[in-house]
Amino acid sequence: MPAQTNLPDHPSFLWRNPDPAKSYDVVVVGGGGHGLATAYYLAAVHGITNVAVLEKGWLAGGNMARNTTIIRSNYLWDESSGIYEHALKLWEGLEAELDYPILFDQRGVLNLAHSLQDVRDSVRRVNANRLNGIDAEWLDADAVKEVCPIVNVSPEVRYPVLGATYQPRAGIAKHDYVAWGYASAADRLGVDLIQNCEVTGIETTDGRVTGVNTTRGRIAAGRVALAASGHSSELAAMAGVELPVQSHPLQALVSELLEPVHPTVVMSNAVHVYVSQAHKGELVMGAGIDNYNGYGQRGSFHIIERQMSAAMELFPIFARAHLLRTWAGIVDVSPDASPIIGLTPVDGLYLNCGWGTGGFKATPGVGDCFAHTIANDKPHPYNEPFTLERFTTGALVDEHGAAAVAH
Amino acid sequence: MQLIPCPWCGPREEVEFHYGGQAHVDYPAEPAALSDEEWAKFVFFRDNPRGPFAERWSHAAGCRRWFNAVRDTRSYELLAVYRPGQERPVTT
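Protein sequence lines, in the order shown, are assigned to chains A and B.
Residues 116 to 522 (my numbering) make up the first sequence, in order.
Residues 9 to 100 (my numbering) make up the second sequence, in order.
Be aware that a few hints might be false.
[Claimed, not checked] These stretches of chain B come out as covered by chain A in the derived footprint (C-beta under 8 Å, 3 or more residues):
1. 21-32
2. 48-55
3. 58-65
4. 84-96
[To be verified] Label-pair distances were calculated between CB atoms; the ranges are:
5. Asp321/A / His26/B: 44 to 50 Å
6. His515/A / Ala68/B: 17 to 23 Å
7. Tyr292/A / Pro19/B: 45 to 51 Å
8. Ser269/A / Tyr35/B: 47 to 53 Å
9. Cys17/B / Arg131/A: 56 to 62 Å
10. Ser43/B / Gly355/A: 14 to 20 Å
11. Ala68/B / His161/A: 49 to 55 Å
12. Gln94/B / Arg131/A: 54 to 60 Å
13. Ala335/A / Ala41/B: 40 to 46 Å
14. Asn242/A / Tyr35/B: 38 to 44 Å
15. Met9/B / Gly355/A: 35 to 41 Å
16. Leu246/A / Met9/B: 42 to 48 Å
[Claimed, not checked] Computed footprint of chain B on chain A; a stretch qualifies when at least three of its residues, placed anywhere within it, have a C-beta under 8 Å from a C-beta of chain B:
17. 239-248
18. 339-351
19. 500-508
Worth flagging that the hints you see were computed from the coordinates, not collected in a lab.
This structure is a prediction, so every number in the text was calculated from the model and none was measured.
By construction, the Cβ of each residue, glycine as well, lies at the ideal position given by its N, Cα and C atoms.
Let the sequences and hints guide you as you build the complete structure.
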């Protein structure tokens, strides 16, 4: 083969790849969307730039690379509406904020109702959303068909579509670009993004965090912020903190590239599937979690099989599409399907976990609120309800209805 | 599909089973004596190890009986199954 002489230059790097320094004001553990966003807002909003993000693999290679990119804020309770709507508002200005294209596309989300109880719950949620200033509509089956013509609304199927809630401002974004946008913006502000650096221990002295041990040596830290999703239990245990979360595999899949056929995002809790079409053309589908605890980043085949049969019934047009790839991410599920964000019993150690199946959509909101929590040693009003203590006081934020399967 | 060896029926496909979470969590002997923190621990907090985990399964589409298993949460390999009331076997 002739030698290639006119290859283009390597594109410019989006971030430096520094060795860890001996000490940082803040160490963020976990270089996914939440960790990167938190570091960015620490630097951009609070002027705290002596920050490291430690990632055991490569940046945004965990759940940030594995989610189905759905963004919405139509949750039932006021507490959830607060933080998810805060996130959605930030999404709406994020390209300009980061000066990076993230393909944020407000194509709307339909949450289907398949039973009388679904209908009642959905209408209640629409009303709750409107009271919180969130755009929401109840659509009957014919109106669903108008928004998304490929949905099968025939009454003849096992789980007929009786209607749907519709949030027009919801949508999708390109997950990798979101991570790269936050990473490069944080890097420009002086944050060290350190890859292949696994935290193996958290040091405390007299109840205060003093540093972390890593596979790349000890790093002293004034404050340590955990943002490690499925691995949060293990990390928190290093500081003696127990968490009420369980780690499960959550599977998703894509089809081959297709012409544009699917104009919106469709989710169905009852039949366990949610579908959108990525900009490039692949159908992106998510399933429910595998029931057993697991850290294997893979799940059981029958979950995929059931998900496919549900998708087939809802979208007969998909029957001849080929499945290209399936995968799983490890999600940390909390007892009330709401996240845990805030302080811990250890001074200077902050917690962001329990997002379960729905962390991606919250990325900008949680980054902003978690950075505020770390900078002020006090929760932001939007994450104040999501304490670890709520499992003792009983003040749960039960979002199973809006979140359980299709977060 | 993964086979799970029910201690009564033998190996059966995973879809026949229902998962029950962590095993050996006893109901408090004196629930009324528990502090809020202790009650929260009993209701909401479970081990979440990356590695061998003693957990409950029910053969829901078979004999409908419960049993315990030690399973590695990294590889999903079942290291041991045993009947309720038996001690957790030593696995390596």
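Checked hints:
{"no.": "1", "hint": "21-32", "result": "holds (count 5)"}
{"no.": "2", "hint": "48-55", "result": "holds (count 6)"}
{"no.": "3", "hint": "58-65", "result": "holds (count 3)"}
{"no.": "4", "hint": "84-96", "result": "violated (count 1)"}
{"no.": "5", "hint": "Asp321/A / His26/B: 44 to 50 Å", "result": "holds, 46 Å"}
{"no.": "6", "hint": "His515/A / Ala68/B: 17 to 23 Å", "result": "holds, 21 Å"}
{"no.": "7", "hint": "Tyr292/A / Pro19/B: 45 to 51 Å", "result": "holds, 46 Å"}
{"no.": "8", "hint": "Ser269/A / Tyr35/B: 47 to 53 Å", "result": "holds, 48 Å"}
{"no.": "9", "hint": "Cys17/B / Arg131/A: 56 to 62 Å", "result": "holds, 58 Å"}
{"no.": "10", "hint": "Ser43/B / Gly355/A: 14 to 20 Å", "result": "holds, 19 Å"}
{"no.": "11", "hint": "Ala68/B / His161/A: 49 to 55 Å", "result": "holds, 51 Å"}
{"no.": "12", "hint": "Gln94/B / Arg131/A: 54 to 60 Å", "result": "holds, 56 Å"}
{"no.": "13", "hint": "Ala335/A / Ala41/B: 40 to 46 Å", "result": "holds, 43 Å"}
{"no.": "14", "hint": "Asn242/A / Tyr35/B: 38 to 44 Å", "result": "holds, 40 Å"}
{"no.": "15", "hint": "Met9/B / Gly355/A: 35 to 41 Å", "result": "holds, 40 Å"}
{"no.": "16", "hint": "Leu246/A / Met9/B: 42 to 48 Å", "result": "holds, 46 Å"}
{"no.": "17", "hint": "239-248", "result": "violated (count 0)"}
{"no.": "18", "hint": "339-351", "result": "holds (count 3)"}
{"no.": "19", "hint": "500-508", "result": "holds (count 3)"}
Of the numbered hints given earlier, the model fails hints 4 and 17; all others are met.
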